[in-house]
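Colleague: Spelled out, the chains give:
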Amino acid sequence: MSQDTVAEPLVTLDGVHTYYGKSHILHGVSLIVGKGEVVGLLGRNGVGKSTTLKTIMGLVQPNQGKVTLEGRPIAGAPAHKLAKLGIGYVPEDRRIFRLLTVMENLRTGLDRPGVSDARKQELLDKVFAYFPVLGERRNQAGGTLSGGEQQMLAIARAMMLEPKIILLDEPTEGLMPRMVSQIHQIIDALHREGVAILLVEQNVPLTLEASQRVYIMEKGVIRHHAASSELKVGDAVIKQYLGV
Amino acid sequence: MASVLAFFQNFPIELFIIQTLNGIVTGMILALIASGLTLIFGIMDVVNFAHGELFMLGAYMGVIVLSSTGSFWLALILATLIVGLFGAAMQIVTLRPLIGRDPLTTILATFGVSLILQNYALWQFGPVARKINEPYTGHFNLFYLEYPYYRLVIAGLSAAIIGGFWLFLKYGKYGIWIRATTQDRVMAQAMGIPVPLVHTAAFAIGAGMAAASGVLFGPLVGVNHTMGLDWVLKAFIVVVVGGMGNLGGSIAAAIFISLLESYASIWVNPAQAVIVSFVVLIFTLLFRPTGLFVPTPK
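Those protein sequences? They're chains A and B, same order as listed.
Taking the working numbering, I'd label the letters of the first sequence as residues 1 to 244.
Taking the working numbering, I'd label the letters of the second sequence as residues 245 to 542.
Every clue listed holds true.
Ranges between beta-carbon positions, derived for each pair:
#1 I321(B) <-> P113(A): 20 to 30 Å
#2 W410(B) <-> S30(A): 42 to 52 Å
#3 F531(B) <-> G135(A): 41 to 51 Å
Covered by chain B, according to a simulated footprint, are these stretches of chain A (three or more residues, beta-carbon under 8 Å):
#4 82-90
#5 96-103
#6 106-118
Calculated from the structure, these hints are not laboratory results.
By construction, the Cβ of each residue, glycine as well, lies at the ideal position given by its N, Cα and C atoms.
Excised from the complex, chain B in its bound form (with noise of 0.2 Å):
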């Protein structure tokens, strides 16, 4: 009991705040990359291996576009178109010949163009990271810290991004017709929507994603070739504990680690935190293998 009562005098109510900022953050940029994915897997039952790549290519467009014209925010928007296009090519040419193939195909091939991409970059750009100057430079006081602006704009970008791209998938034509595909291909393709072209837009709004994602969370972390895997993995687990294929599963999933990850750093060192992401996943698989967030089917 006396230990309980010194847990909480001497809980660190700062630190605790200012943790609950970061896992929003990252939590918030895990949820955009975890939508792209969710949406892929959701719609063609695709596993997305290069996933990690298109936001590391993202990441590259952006310094290039960065370094050419200065402006972050049209280094934002055009990494996500080319980087959109390029997924609607690689789904055209990787993964629309496999559809309907045993599912390790898809997962194969995927993970090749992750191999491809990311040798691509290290031989294009070389081992040393690059840097994404931030927009916002300025900073506020928390308590002690001097938080960045930008840290905050990154997660109310994201949570934007998200929510326009719910309102599209609610209420869009092409929103019905994704929604539509997902739930039933065939029938998809009875009433008249043309399901490969859904397959292909719905690839490229998630490479898209993935890419607005690699810009944004460039300035923290800086550009290299390898920076994908971390977030790959993160995001499978999202998806994983969210219930596959299930967007608003996936957000609050992505949230939710997030989270606890920036918890647990309080009392642990950040790389021992990541097996609370762990911990979750084998938990989900345990006791609720169709997601912490969805109903359980009936």
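The shape of chain A in the complex, shown without the other chains (with noise of 0.2 Å):
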């Protein structure tokens, strides 16, 4: 399976490099997510792919290549733009704004212009539903929530702007194996629902059951490209750059 069978494409890189000041991390990545396509970005630590994310999400900029959303041009565009155009961001460290409470980290995401009152209440009821401890929790500041439900208040934020694609990074790093298959889960509610997502992690079984493709990155670049369902863990492949 090849990019080019990606039926309506939804974002792509074309030869993106980026630069941290004077060091080179992206050398001319290029990939494409599609409409509702679950993508997976594996690598080792340290090879670019949050980078890759942070760079879609337009919070570094790229010195060369083409970022697209919907076949629109959007490398250079400040992020703010970005997450009204429709692209939701999960960090690493998930960055939940730790005096909010958890209403109001979600508001951040929810007070836009032109959403109304009902569709609001529908959004939040909808996370709600997916993770009922944060309804528990609704008026209970950010920084109290341990690990895992502050991976749920990151990811909830980030359905508030009704993305068209959500960027995950590494949302299963650090958490209980219980949380792991929850956060699974909400993966496959999110396609479900016709969300793309580009999952950035080192669990590399979770990553292969929940995609329908993954890229492998190293070195700034993507050396791999394969359907999900042809690769397993133990292949060459995934050992040869993972060292799984």
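Hey, can you piece these two chains together into the complex? The hints should help.
Modeller: In structure tokens:
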């Protein structure tokens, strides 16, 4: 299965080079996420997976290459505009607003122009149905939640934007197994709703199960690309690039 | 033991009550200035050295509006709005291009603006102090003193402005934007919050609050081009003692320090009483550098 078979591309990166100051992080990354598709991005620490997500989100600007959302070039656009265009971001360290309550954290994404009160309530009801614990703790400060609860809040917060794609950066890092399977369920639920997901993970089995396609990165470039169903945890290519 | 007893027998209880009242009045004004300063520092890590000049500019705007309309309240509102707009323009022109640079650049930029504003005021209005007439001239008897009502009005209005600002931060949509941006600028942006606009708005609010305090305090001291200097120095002390960027801490510290200074001036002259603020500052920096009124971070 090649990149070209993606029926309706949502986000594309074409030959993207990104620098942090003088260090060259992405050396020409090209990838495609189709509408409603769950795509995994695997690779060891420090190969540029998170930088790829930050580049799409507009948090770092590429020096070269094209980034498009539904065919429109978005490289250079500020993050807050991209959030409005439908990109949700769940960063690696969750970055909950620690002093804001759970409800206020959600409101940062909910208080957008053009969202009716009824729609706001629907969105809240939906995330509280997915994550009942957030409903129970809605008036508690974000910083007082456990790691797993903060991860749920980070995902729920991104869902408030009604995004077309969610960039998920290592959502299961440091979570206990029960939480990991809950994250898996959420990814499946979002997929059923038609939300595309670009999933950066170290957890290979989860990524292969939850996604339709995977890209494998090494040293700032995509080295391998395959349908998730064609790969198994013990495959040579996984061993070669991930060392697991 | 006898001397302790003598101290309490001779304790100037009436003076103490008067000084408590004075301390609260100056404390509320100081809190109003320091709230803006700490808001601006908290949200964009900018130490605004021009804050005292925004206070001064507010007082002059008050003088101008008052002399042309005769209404103190109109002067208060218009001065707040005009200086708020001026603050927005100042932030866009001088600070927005410096975001993400070395903090020294923003210190130099705001210091430069403060010098320009001071000298502009001197050039435009001259060295002679102007007067803002208080809206209430009544007095009430407090022991042997005729205490002006207007001082209580200042304290009440400052408290109302700070209270309104607090409610806005706590419940308002844009208040949540300001708090989210203060805590995590990058994530706020990723949530669709227009951070550059929020920075400008926060600066405008801080400038407007400084201007309001300038108009409110003008009747007590007279308006001149250097009136901001004393206040900004005290406001900086308050912001550090209260915990940089901590609004509640700044308000508590403003009242605490003003009360201490008032009490000290029962026994020493007011110029020496200022020493108290510096002593508090030094001890805070030595023993609780994160601020007196914040829980020690874990």
